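Colleague: Each chain, letter by letter, is given below.
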Amino acid sequence: MAEVAEQVEKKSEGLFSKKNRKLISHPLDLENPVTVQVLGICSALAVTTQMKPAFVMSLGLTIVTASSNVVISMMRNTIPSRIRIIVQLAVVSLWVILVDQILKAYVYDVSKQLSVFVGLIITNCIVMGRLEAYAMSNKPWPSFLDGIGNGIGYGLILMTLAFVRELFGSGAVFGFKVFEAVSLPYQGNGLMLLPAGACILLGIIIWVQRSINGYREG
Amino acid sequence: MQTKNADYNVRQSNLYIVLYGAILTIVCGGLLALASEGLKEKQQANIDLEQKKNILATVMELKEGDNVVEIYNSRVKAFVIDYNGNVKEGMTPEQVTVAAEYKKPAGERLLPVYEIKNERDPTKTDNVVLRVYGYGLWNNIWGFVSLKSDFNTVQGVKFQHAGETPGLGARIESEEVQSRYKGKSIFDGDVVASIAMMKGEGLDYSEDDHKVDGMSGATLTGKGVNNMLKDYFACYEKYLRKNKK
Chain H
1 MAEVAEQVEK
11 KSEGLFSKKN
21 RKLISHPLDL
31 ENPVTVQVLG
41 ICSALAVTTQ
51 MKPAFVMSLG
61 LTIVTASSNV
71 VISMMRNTIP
81 SRIRIIVQLA
91 VVSLWVILVD
101 QILKAYVYDV
111 SKQLSVFVGL
121 IITNCIVMGR
131 LEAYAMSNKP
141 WPSFLDGIGN
151 GIGYGLILMT
161 LAFVRELFGS
171 GAVFGFKVFE
181 AVSLPYQGNG
191 LMLLPAGACI
201 LLGIIIWVQR
211 SINGYREG
Chain D
1001 MQTKNADYNV
1011 RQSNLYIVLY
1021 GAILTIVCGG
1031 LLALASEGLK
1041 EKQQANIDLE
1051 QKKNILATVM
1061 ELKEGDNVVE
1071 IYNSRVKAFV
1081 IDYNGNVKEG
1091 MTPEQVTVAA
1101 EYKKPAGERL
1111 LPVYEIKNER
1121 DPTKTDNVVL
1131 RVYGYGLWNN
1141 IWGFVSLKSD
1151 FNTVQGVKFQ
1161 HAGETPGLGA
1171 RIESEEVQSR
1181 YKGKSIFDGD
1191 VVASIAMMKG
1201 EGLDYSEDDH
1211 KVDGMSGATL
1221 TGKGVNNMLK
1231 DYFACYEKYL
1241 RKNKK
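Going line by line, the protein sequences match chains H and D. Residue numbers for the first sequence follow the numbering used here, so the first one is 1 and each next one is one higher. Residue numbers for the second sequence follow the numbering used here, so the first one is 1001 and each next one is one higher.
If we strip away everything but chain H, and leave its shape as in the complex, we get (with noise of 0.2 angstroms):
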C-alpha cells in the first residue's frame, strides 16, 4: 500500500512544483556559482569589460549548461564512472560548437562578437561543475532547471560585474554614453577596465553578497 502511495505521490510533482522552482532560485543567492562556490571566475573577469558581451556570454553559457545537463542525465545510467569528465567534456564540446556553427550561419553579426568567447565556454568550471554535481544522478527536467538556474545566477554577477566596470571604466552603459549625454566631463577609471579592477570589484561583490545571506566557508 505505501509504494502504491508513493507511486501516486511521485507522479503528482508538478513540472514546477517547490522542490523543483528551488533549482532556479537556490542558484541566484543562497548557492550561486560565483560568489558563492566561486566558479567560473576566469570568465567573469575577462569578458566583463563591457556589458553587450557578458550578457551574450551569460545567454550563451545558460543554454549550453542547461542542453549539455539534458543530454549528460539522460545519459547518466550508461556513463562509465573512470571515463565520466571526457563524456561531460565530449558533450560540452559538442554543445559548444554547434551553437558556434549556427550562430555564424544564421546570425553571422552576433557571431563575430562572440567568436572567442563562445570557445571559453567549454572551459567553464560552472558547465562541468553542474554535470558532475547535479546531472550525473538525477533526470532530465530537473537538469535542465539546474542548468537555467546556474546559468541565470552566472549571468547576474557578470551583469552587475559589466555594469559597474563599462560606466565606470568608459562611461557608458551597453555602449551608451551615460556622462556625455547628462554633459558631465568623466575620463574614464583605467583599473576598471583591467582585469585587477574586476578582481576587486569581484572580491567586493562576494563579502557583500555572503554577509547578506550569512554564508561561512566550511
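Keep in mind that a hint or two might mislead.
What the hints assert, rightly or not - Partial chain D-side listing against chain H, Cβ under 8 angstroms, derived:
#1 R1011
#2 I1017
#3 Y1020
#4 A1022
#5 L1024
#6 L1031
#7 L1032
#8 A1035
#9 S1036
#10 Q1043
#11 N1046
#12 E1050
#13 K1052
#14 Y1133
#15 L1137
#16 G1167
What the hints contain is simulated information worked out from the structure, not anything from laboratory work. Every value quoted in this text rests on a predicted model; they were computed, and no experiment measured them. Glycine included, C-beta positions come from ideal geometry on N, C-alpha and C.
Model the placement of chain D on the given structure of chain H, informed by the hints.
Modeller: Below, chain D alone, put in the same frame as chain H:
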C-alpha cells in the same frame, strides 16, 4: 539489486569503456561533420558578403537595405598584383588567402587590389582599396585601407581582429578609432612614411599627416596596427607609385 550490480560491473570493464568512448567519438564527430557540411554554404555566403560590405564601407556610407552585391558588381574592379605591381593575369582576389600570403616574405606575396570605379565614367578610378594583415597583441588583425584617386590620401580604413581585449584593443573595430585615419597620407614626399598610431589618447594630431591619436590602455594593439600598415604599404609601394599623381 542483482541486475543493478551486474550492470555496474559491466560498466567498469575495459571493453565497455573502450567501446563507449569509440561510439561517443563517432556520434559527436558525425554530428559536427554534418553540421559543418550543412551550414558551410550559408557561412561562406556570410563571409563573402561581409567582405564586400567592408570594401565598400571604406569608401561610401552604406545604408540599411542597400544591395551590397549589386553595388559591388557594378563599381568594383578586383584583381591581384605581385610585389612589383604587375597584374597577375587570370587570378581573382577570391583565390588569394591573405592569411597564407602574410606568412610569406614580403617580396613573394600576392596582393589583392580593389579599384572602385566612378559611377558615371567607369574608366576613372575613384578609390583603391588595399588589404592589410598583421598581428595585434593576442591574435591576428586585418583590414582594408582605401585611398583617394591620388593613391596617397586615406579615404577610410576598416580594421578587424580575432582576439584583442574588449574595451581596449578591440576598439580598432570601432568607427571612432577608424575615423582618425581619414585624410592621412602614406607618402611623405617620395618616401613611404606610413601612418603611426601614437601612445596616449586625447592628443591632437590633425596637423600631422602620418600620425593618429592612440588608444589608452591598448598601446600594444596600436603597435600591431602600425606594423601591419608599414608592412603592407611597403608591399603595395610599387603599385601605388605607378598610379600616384
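Colleague: A separate judgement is required for each hint: does it hold in the structure or not?
Modeller: Quick rundown of the hints versus the structure:
1. R1011: holds, 5 angstroms
2. I1017: This hint holds: I1017 of chain D lies near chain H, its Cβ roughly 5 angstroms from the closest one there, short of 8 angstroms.
3. Y1020: holds, 6 angstroms
4. A1022: violated, 11 angstroms
5. L1024: Result: holds, 6 angstroms to nearest chain H Cβ.
6. L1031: holds, 6 angstroms
7. L1032: holds, 6 angstroms
8. A1035: Since the shortest Cβ distance to chain H is 5 angstroms, the answer is holds.
9. S1036: This interface hint holds because 6 angstroms falls under the 8 angstroms limit.
10. Q1043: holds, 5 angstroms
11. N1046: It holds, given that the least Cβ distance between N1046 of chain D and chain H is near 4 angstroms, below 8 angstroms.
12. E1050: holds, 7 angstroms
13. K1052: Constraint on K1052 of chain D not satisfied, violated at 13 angstroms.
14. Y1133: violated, 17 angstroms
15. L1137: The hint is violated - L1137 of chain D has no Cβ within 8 angstroms of chain H, the shortest such distance being about 13 angstroms.
16. G1167: holds, 3 angstroms
Of the hints listed earlier, those the structure fails to meet are numbers 4, 13, 14 and 15, in rising order.
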